[in-house]
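Letter by letter, the chains look like this.
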Amino acid sequence: MGYCEKKMLFSQRFGKRVSSERVEAMRDGVAIHRAFHHDAMSVAPNARSSEAKPWCFIASELYGKTAWETEALRMGRDQVLRQHAIGRAFIGAYYRHSPVIARWLHRHRGTRALARVLLRPLASLLRWCLDRNTSAHGAGS
Amino acid sequence: MTENIGLLILACVIIAAVTVRAYRVVLREDAWLPKELSTAKLVYSEQLFTGSAEMPIVARVDRVYQSGGLLHLVELKTRRRATVYEADVIELSAQRAAVQASTGIGVGLRAFVVIENPANGRRQVRAVRLLEEDQVAALMTRRRMIIGGLLLPQETDLQARCASCEYRRECKGRRARKYTRW
Numbered sequence: 324m325g326y327c328e329k330k331m332l333f334s335q336r337f338g339k340r341v342s343s344e345r346v347e348a349m350r351d352g353v354a355i356h357r358a359f360h361h362d363a364m365s366v367a368p369n370a371r372s373s374e375a376k377p378w379c380f381i382a383s384e385l386y387g388k389t390a391w392e393t394e395a396l397r398m399g400r401d402q403v404l405r406q407h408a409i410g411r412a413f414i415g416a417y418y419r420h421s422p423v424i425a426r427w428l429h430r431h432r433g434t435r436a437l438a439r440v441l442l443r444p445l446a447s448l449l450r451w452c453l454d455r456n457t458s459a460h461g462a463g464s
Numbered sequence: 012m013t014e015n016i017g018l019l020i021l022a023c024v025i026i027a028a029v030t031v032r033a034y035r036v037v038l039r040e041d042a043w044l045p046k047e048l049s050t051a052k053l054v055y056s057e058q059l060f061t062g063s064a065e066m067p068i069v070a071r072v073d074r075v076y077q078s079g080g081l082l083h084l085v086e087l088k089t090r091r092r093a094t095v096y097e098a099d100v101i102e103l104s105a106q107r108a109a110v111q112a113s114t115g116i117g118v119g120l121r122a123f124v125v126i127e128n129p130a131n132g133r134r135q136v137r138a139v140r141l142l143e144e145d146q147v148a149a150l151m152t153r154r155r156m157i158i159g160g161l162l163l164p165q166e167t168d169l170q171a172r173c174a175s176c177e178y179r180r181e182c183k184g185r186r187a188r189k190y191t192r193w
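Heads up: the sequence lines are chains C and L, in that order.
Numbering-wise (this note's numbering), the first sequence opens with residue 324 and increments by one.
Numbering-wise (this note's numbering), the second sequence opens with residue 12 and increments by one.
Since the hints were made in silico from the structure, they are not lab data.
There may be inaccurate statements among the hints.
[To be verified] Subject to a maximum C-alpha distance of 25 Å in a straight line, what follows is the list of computed SDA-like cross-link-like pairs (lysine to any residue):
1. C:K339 to L:E86
2. L:K88 to C:S342
3. C:K339 to L:E181
4. L:K52 to L:S113
5. L:K46 to L:N15
6. C:K388 to L:Q58
7. C:K339 to L:R90
8. C:K339 to L:A148
9. C:K339 to L:P164
10. L:K88 to L:S49
11. C:K388 to C:A438
12. L:K52 to C:A390
13. L:K88 to C:S365
14. C:K388 to C:H356
15. C:K388 to C:L441
16. L:K88 to C:Y418
17. C:K339 to L:Y178
18. C:K339 to L:T152
19. L:K88 to L:E144
20. C:K339 to L:L150
21. C:K388 to C:G399
22. C:K339 to L:V95
23. C:K339 to C:H356
24. L:K52 to C:Y418
25. L:K52 to C:V366
26. C:K388 to C:S334
27. C:K339 to L:R153
28. L:K88 to C:S343
29. C:K339 to L:E166
30. L:K46 to L:G80
31. C:K388 to C:F413
32. L:K46 to C:N369
33. L:K88 to C:M349
34. L:K88 to C:E328
35. L:K52 to C:H407
Using the sequences plus the hints, can you model the full thing?
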């Protein structure tokens with residue numbers, strides 16, 4: 324709607340089509356949106372977001388975006404760190420510096436392997452604690 | 012001793028770099044933030060909202076500010092010209108309905124479109140007046156009717172859009188026929 328109703332109908336009927344110029348523009352748009360979101364999280368680390376947590380840069384770089392370790396660290400951030408002022412300050416600092424660290428880790432395979440080993444016990448501990456917490460709440464309800 | 016001095020200098024450089032970076036972000040934000048939002052609190056960024064059963068809209072909102080018990084929407088667009096289109100108003104109005112239904116907090120009818128020029132990174136802001144909920148509902152009904160074949164769709168008034176449209180081959184409009192003569 325708004326631009327052209329015919330286009331809206333055709334995209335429903337024939338599927339969404341995107342020209343190569345549009346793909347290029349969309350790629351720029353995504354990068355600019357990411358920077359805009361990054362700025363938002365820098366000035367207001369407590370702001371809520373359902374963004375696919377793109378700034379779990381370090382865990383995503385080490386284990387992959389969908390790995391259980393990344394998920395456990397992400398949950399730890401939301402359920403443990405976000406609850407306290409110091410934790411929120413840490414998250415703010417993390418958002419600011421983790422992209423640089425992640426890029427550095429990407430270039431240094433040895434350090435990446437070492438960091439992966441060092442962070443895994445923390446991820447395991449967080450997962451165990453959070454699972455325990457969830458089952459305790461489940462039993463309580 | 013020399014090592015300690017070296018570490019101290021390194022620490023100073025890191026602290027200075029972090030401070031400059033944080034200050035730049037603040038300056039970049041201040042450059043476009045409208046007066047109405049200068050004291051508002053940023054409460055959501057890139058947040059997904061789901062509308063009500065009567066208005067089933069799922070909207071991802073770029074930013075939501077809270078001020079005086081009201082929420083205010085901010086939408087980022089990347090364009091070379093700082094122009095706001097009707098589609099932006101419709102998009103923000105749909106977002107407004109979803110945010111209101113999802114949070115239960117009133118959302119202001121005045122929203123902001125931040126337009127970033129991808130060539131130079133300059134951000135400009137434009138205030139827009141959003142549609143009322145009944146107008147959004149009417150648009151949704153119209154959309155459903157067009158898709159269901161109960162209403163004839165209208166074509167755009169902007170000729171430039173037809174020239175770059177991916178569906179001009181299928182389109183039977185007068186202008187589209189002109190562009191399919193290749």
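Cross-check of the supplied hints:
| no. | hint | in the structure |
| --- | --- | --- |
| 1 | C:K339 to L:E86 | 23 Å, holds |
| 2 | L:K88 to C:S342 | 19 Å, holds |
| 3 | C:K339 to L:E181 | 13 Å, holds |
| 4 | L:K52 to L:S113 | 19 Å, holds |
| 5 | L:K46 to L:N15 | 47 Å, violated |
| 6 | C:K388 to L:Q58 | 19 Å, holds |
| 7 | C:K339 to L:R90 | 21 Å, holds |
| 8 | C:K339 to L:A148 | 24 Å, holds |
| 9 | C:K339 to L:P164 | 17 Å, holds |
| 10 | L:K88 to L:S49 | 20 Å, holds |
| 11 | C:K388 to C:A438 | 16 Å, holds |
| 12 | L:K52 to C:A390 | 34 Å, violated |
| 13 | L:K88 to C:S365 | 20 Å, holds |
| 14 | C:K388 to C:H356 | 19 Å, holds |
| 15 | C:K388 to C:L441 | 18 Å, holds |
| 16 | L:K88 to C:Y418 | 23 Å, holds |
| 17 | C:K339 to L:Y178 | 10 Å, holds |
| 18 | C:K339 to L:T152 | 21 Å, holds |
| 19 | L:K88 to L:E144 | 23 Å, holds |
| 20 | C:K339 to L:L150 | 21 Å, holds |
| 21 | C:K388 to C:G399 | 15 Å, holds |
| 22 | C:K339 to L:V95 | 23 Å, holds |
| 23 | C:K339 to C:H356 | 22 Å, holds |
| 24 | L:K52 to C:Y418 | 19 Å, holds |
| 25 | L:K52 to C:V366 | 10 Å, holds |
| 26 | C:K388 to C:S334 | 31 Å, violated |
| 27 | C:K339 to L:R153 | 20 Å, holds |
| 28 | L:K88 to C:S343 | 19 Å, holds |
| 29 | C:K339 to L:E166 | 17 Å, holds |
| 30 | L:K46 to L:G80 | 17 Å, holds |
| 31 | C:K388 to C:F413 | 21 Å, holds |
| 32 | L:K46 to C:N369 | 22 Å, holds |
| 33 | L:K88 to C:M349 | 11 Å, holds |
| 34 | L:K88 to C:E328 | 21 Å, holds |
| 35 | L:K52 to C:H407 | 19 Å, holds |
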